[in-house]
Amino acid sequence: MKKIIITIIAFVSLANLNGQQVPISENYFMDKASISPSYAGHFNPGTLFTSFRSDWSGIEGGPKTLKLSYSDKIMDNAAYGARILSDIAGIFRQLYIMGTYSYKVEFASEHTVLMGLSVGLYHNKINFTEYYNDPNYNYDPVLVQEDISSKLKFMSDFSVAYLYKGIEAGIMVSNINFGDMKYAEASTSYKPFANYQVHAAYTYAIDEQWAVNPLMFWRDGTYIKGQFGLAARGIYQDRLWAGISFRDPSIFGVGVGAELIKGLDMSYNFNFASSVELNAFNSHEIALGFDIREFLNIIKN
-2 MKKIIITIIA FVSLANLNGQ QVPISENYFM DKASISPSYA GHFNPGTLFT SFRSDWSGIE
58 GGPKTLKLSY SDKIMDNAAY GARILSDIAG IFRQLYIMGT YSYKVEFASE HTVLMGLSVG
118 LYHNKINFTE YYNDPNYNYD PVLVQEDISS KLKFMSDFSV AYLYKGIEAG IMVSNINFGD
178 MKYAEASTSY KPFANYQVHA AYTYAIDEQW AVNPLMFWRD GTYIKGQFGL AARGIYQDRL
238 WAGISFRDPS IFGVGVGAEL IKGLDMSYNF NFASSVELNA FNSHEIALGF DIREFLNIIK
298 N
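In our numbering, the protein residues as written are -2 to 298.
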């Protein structure tokens, strides 16, 4: 019964976060589009990002998130992106498949606005078969005896970012949808709630080799508790970086990243919750960025 209680807690958490565009990621320094899809294609064009995140590392059945994304320019002012995200928490599964179109508008001197529109599909599943096949299974007549899979749900988000001399600020409204989420095997439904996120960042060059990059964000929405986040990193020669982060409630983190070879970046982030047992609610996230053009040039040469 302990396992099902834990997974139910996870499901409730996922339901509360469902108003957010996707499960949380700390990879926003390397992949800007992960904090706002409006950046897609305008930063790191032609780069394929992949990441794996493990939350609640001290608890069996804790959330595991795998993400794959790619973006590139169509022309000087227009770009596109695509992302696939799979999230697993015990017997609960979520899948997002989204495509993004982003357009850049430049006005006055060094003022730029990026506008992004994403559309795609969302699907979730409750895998009761895995629970009932567990050797530690405890029969619960209240629970459904078969897997429950949702019908595909249209999902969208809209984002805008403003850039000026190293200053960045943006807003995103996510989970824009119409109608209820329905299931084929059960007569139940719910409506994912749209919500918003605002962020601001600044990149300051100390000299030709060193720079600092603070960032903050605020997430909020209908029936979702607001969450504040703050992070900062130091950058050396645009090839090495290290940072610290904080987000509600009492979650602290550290991260490092590097350009391993030309066209291949890697980052690692570790979080821990200071208000609970340190070994129970840790999270680990590792990400890679492949610049496809650079790799093709290496192969040609």
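Derived from the structure by calculation, the hints contain no laboratory data. Ideal placement from N, C-alpha and C gives every residue a C-beta, glycine not left out. Incorrect hints may appear among the rest.
To be verified - FRET-style restraints, in silico, Cβ to Cβ:
1. S54 / G163: 20 to 26 Å
2. K70 / T47: 32 to 38 Å
3. E256 / V157: 28 to 34 Å
4. I289 / A239: 40 to 46 Å
5. L65 / L257: 16 to 22 Å
6. I145 / V102: 19 to 25 Å
7. L92 / F40: 33 to 39 Å
For each hint, the structure was consulted:
no.	hint	result
1	S54 / G163: 20 to 26 Å	violated, 35 Å
2	K70 / T47: 32 to 38 Å	violated, 20 Å
3	E256 / V157: 28 to 34 Å	holds, 30 Å
4	I289 / A239: 40 to 46 Å	violated, 27 Å
5	L65 / L257: 16 to 22 Å	holds, 19 Å
6	I145 / V102: 19 to 25 Å	violated, 45 Å
7	L92 / F40: 33 to 39 Å	violated, 26 Å
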